[in-house]
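There are 2 protein chains.
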Amino acid sequence: MRVVVDAMGGDKAPREVVMGSVRAAQQFPDDGILLVGDEKVIERELAACGTTPRNITIYHASQVVGMDDPATFSIRQKTNSSITRSVELVASGEAVAVVSAGHTGATVAASTLHLRTLKGVRRPGIAAPIPTRLGTCLVIDVGANIACKPLHLLQYGVMATIYSKYIFGIKNPRVGLLNIGEEDAKGNDLAKETFSLLSNSSLNFVGNVEGREIFDSKADIVVCEGFVGNVLLKFGEGLSMSLLSTIKAEAMKSFWTKLGLFLCKSAFGPLRAKMDFTEYGGVPLLGVNGVCIICHGRSDSKAIQNAVRVALQLSKNKVNEHIVSELEKANVPAANVT
Amino acid sequence: MRVVVDAMGGDKAPREVVMGSVRAAQQFPDDGILLVGDEKVIERELAACGTTPRNITIYHASQVVGMDDPATFSIRQKTNSSITRSVELVASGEAVAVVSAGHTGATVAASTLHLRTLKGVRRPGIAAPIPTRLGTCLVIDVGANIACKPLHLLQYGVMATIYSKYIFGIKNPRVGLLNIGEEDAKGNDLAKETFSLLSNSSLNFVGNVEGREIFDSKADIVVCEGFVGNVLLKFGEGLSMSLLSTIKAEAMKSFWTKLGLFLCKSAFGPLRAKMDFTEYGGVPLLGVNGVCIICHGRSDSKAIQNAVRVALQLSKNKVNEHIVSELEKANVPAANVT
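Protein chains in written order, with this note's numbering: chain X, 1 to 338; chain Y, 1 to 338.
Derived by calculation from the structure, the hints in this document are not laboratory data.
Where hints are given, some of them may not hold.
It does not matter which identical chain is used: a pair holds within one copy or between any two.
[Claimed, not checked] In silico lysine to aspartate or glutamate, EDC-like type, Cα no more than 16 Å apart, as pairs:
| hint | residue 1 | residue 2 |
| --- | --- | --- |
| 1 | Lys-40 | Asp-69 |
| 2 | Lys-234 | Asp-276 |
| 3 | Lys-265 | Glu-250 |
| 4 | Lys-316 | Asp-216 |
| 5 | Lys-149 | Asp-189 |
| 6 | Lys-186 | Asp-69 |
| 7 | Lys-274 | Glu-183 |
| 8 | Lys-274 | Glu-250 |
| 9 | Lys-186 | Asp-11 |
| 10 | Lys-119 | Glu-328 |
| 11 | Lys-302 | Glu-43 |
| 12 | Lys-171 | Asp-31 |
| 13 | Lys-186 | Asp-68 |
| 14 | Lys-218 | Asp-189 |
| 15 | Lys-234 | Asp-216 |
Bear in mind the structure is a predicted one, so any value in this text is a computation, not a measurement.
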């Protein structure tokens, strides 16, 4: 199978992205990596790596979408950007998946435009794992769709269930609805209507989940609309960093606390590992006709390598095929098909 | 001035609530505390305190709103509940403020129903401080209004600005709009329309603030609709607890890390203080015609005492009067008056 990597996307591109691609190519010698971007730049970076595995191919793209470019504008204007060319290679069947650490909005827009949605899917959604006390909670959507309807959220529940089953090996994932109270009738109109749809679905729906309860492992999956999910994800990142830096800054103020921090340094290890996005590589944009893995803007070579692994896992486990067949079976009341 | 305290509200009521009220009565001998709830229960708790300051008065209320009662139902059915009686004492002018650690939804509903909104205010909103790296960020609304319109959010900006000026002493508070990107044109319809209103207002508007940026002190105030704010606040609480308990559990696994944690224990102090809701006592429901302080459900006597202090501060600084006059001056485009 062949995976496209947008060599120009991300704060650490092209160096770390190319390096991660080389490692992925070495890790998966039977698969192929298509590196898309400025040919000369990629060749220079490959030379810097000291080796170019034979399963790496370069595809030239003359433009790059900047992090400050508006998403739809850049897709329309920069038709030869590395992200558009990358997605087109999946759309034309030359590759099964695309990996990008570039502009998230542009990646979502390009994928939705060129790959289109899977049969039966109304809107694609990004599923991101949030580390909890005992494991992770998959939150969907975290920013692809900020005009969510109840049916979109129901479909997110279906898609994330398949993803959790085939990628995380969870047999019967518990699906929760992010809400502002535990009681059935809580929340805004979107939450109330979604609650009713989820209750009547074949999903393992466990009811409303409050912000606090995400960490109590009440559900394996939490569905929410993209605006809320995006704010939540970034808020969590900011809060974690703020907490850890406050502890560190305080501990550096005296000899004994500094010594203490040094001694208990290893206690922070599992936490850092949990929070380390480079471990899981990237998050999937579920619902598009092809595999699309969105990486953190600060992705390094390890993150890219792991993102390629995740892309291959999704493709080899036929996650998209399972989503289509599950949606066909799913109990979706016709009245709500909007 | 007289402050009503709902003696029956909160997980630690009536004991801690009555104890906190006694301390507040001693701290503010020139003001009065009206304790509302089951007369016999309050008398018993006052006896347990060993002293009943002469500026404490008991008002009997036979019913209590349970934490599981639906908010509006309980307000309509339990007309003699401690929260309804408390709010009525403010509405009738017998007191200037109400403090409750009980059912938040019921407190908001009773206050909105009996106190009504301040002149010019469309919807009341709850303003909660979130500890950041360098101070706090006041987030409004965190759950009073889950059907927000742009004008509501603009008014939240105005009300929180007054509150920050008179309570926190910030001269010209910077107001931000919670959004999913920094660029002006980002976000859903609500965010886009609110951005335009805030840009044209007399507020010190600093633009969009992403979830992560709340911790970077980009703004003193962040406005958002109540569903998002509520989810965020609870998510933050869950995440903080999850992080700290993970570190502690890991540190307890070996002798050296345990010793290290003991030595650097004091480094966690400022963090705990920042996160300690009992310090700031309670959060205001801004926009109702009277002062309403909502306390955390787990409030102890210290939190109640501080909440009474905050209630008196709001009343003595005439925060509501300033809100009314500021809204009259505010630049609110007529087309958006919805």
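We went through each hint and held it up to the structure:
| no. | hint | result |
| --- | --- | --- |
| 1 | Lys-40 x Asp-69 | neither (24 Å within a copy, 67 Å between copies) |
| 2 | Lys-234 x Asp-276 | within (14 Å within a copy, 23 Å between copies) |
| 3 | Lys-265 x Glu-250 | both (14 Å within a copy, 10 Å between copies) |
| 4 | Lys-316 x Asp-216 | neither (32 Å within a copy, 42 Å between copies) |
| 5 | Lys-149 x Asp-189 | both (10 Å within a copy, 14 Å between copies) |
| 6 | Lys-186 x Asp-69 | between (39 Å within a copy, 12 Å between copies) |
| 7 | Lys-274 x Glu-183 | neither (31 Å within a copy, 31 Å between copies) |
| 8 | Lys-274 x Glu-250 | between (23 Å within a copy, 13 Å between copies) |
| 9 | Lys-186 x Asp-11 | neither (41 Å within a copy, 21 Å between copies) |
| 10 | Lys-119 x Glu-328 | within (9 Å within a copy, 54 Å between copies) |
| 11 | Lys-302 x Glu-43 | neither (20 Å within a copy, 66 Å between copies) |
| 12 | Lys-171 x Asp-31 | neither (28 Å within a copy, 61 Å between copies) |
| 13 | Lys-186 x Asp-68 | between (38 Å within a copy, 12 Å between copies) |
| 14 | Lys-218 x Asp-189 | neither (23 Å within a copy, 32 Å between copies) |
| 15 | Lys-234 x Asp-216 | between (20 Å within a copy, 12 Å between copies) |
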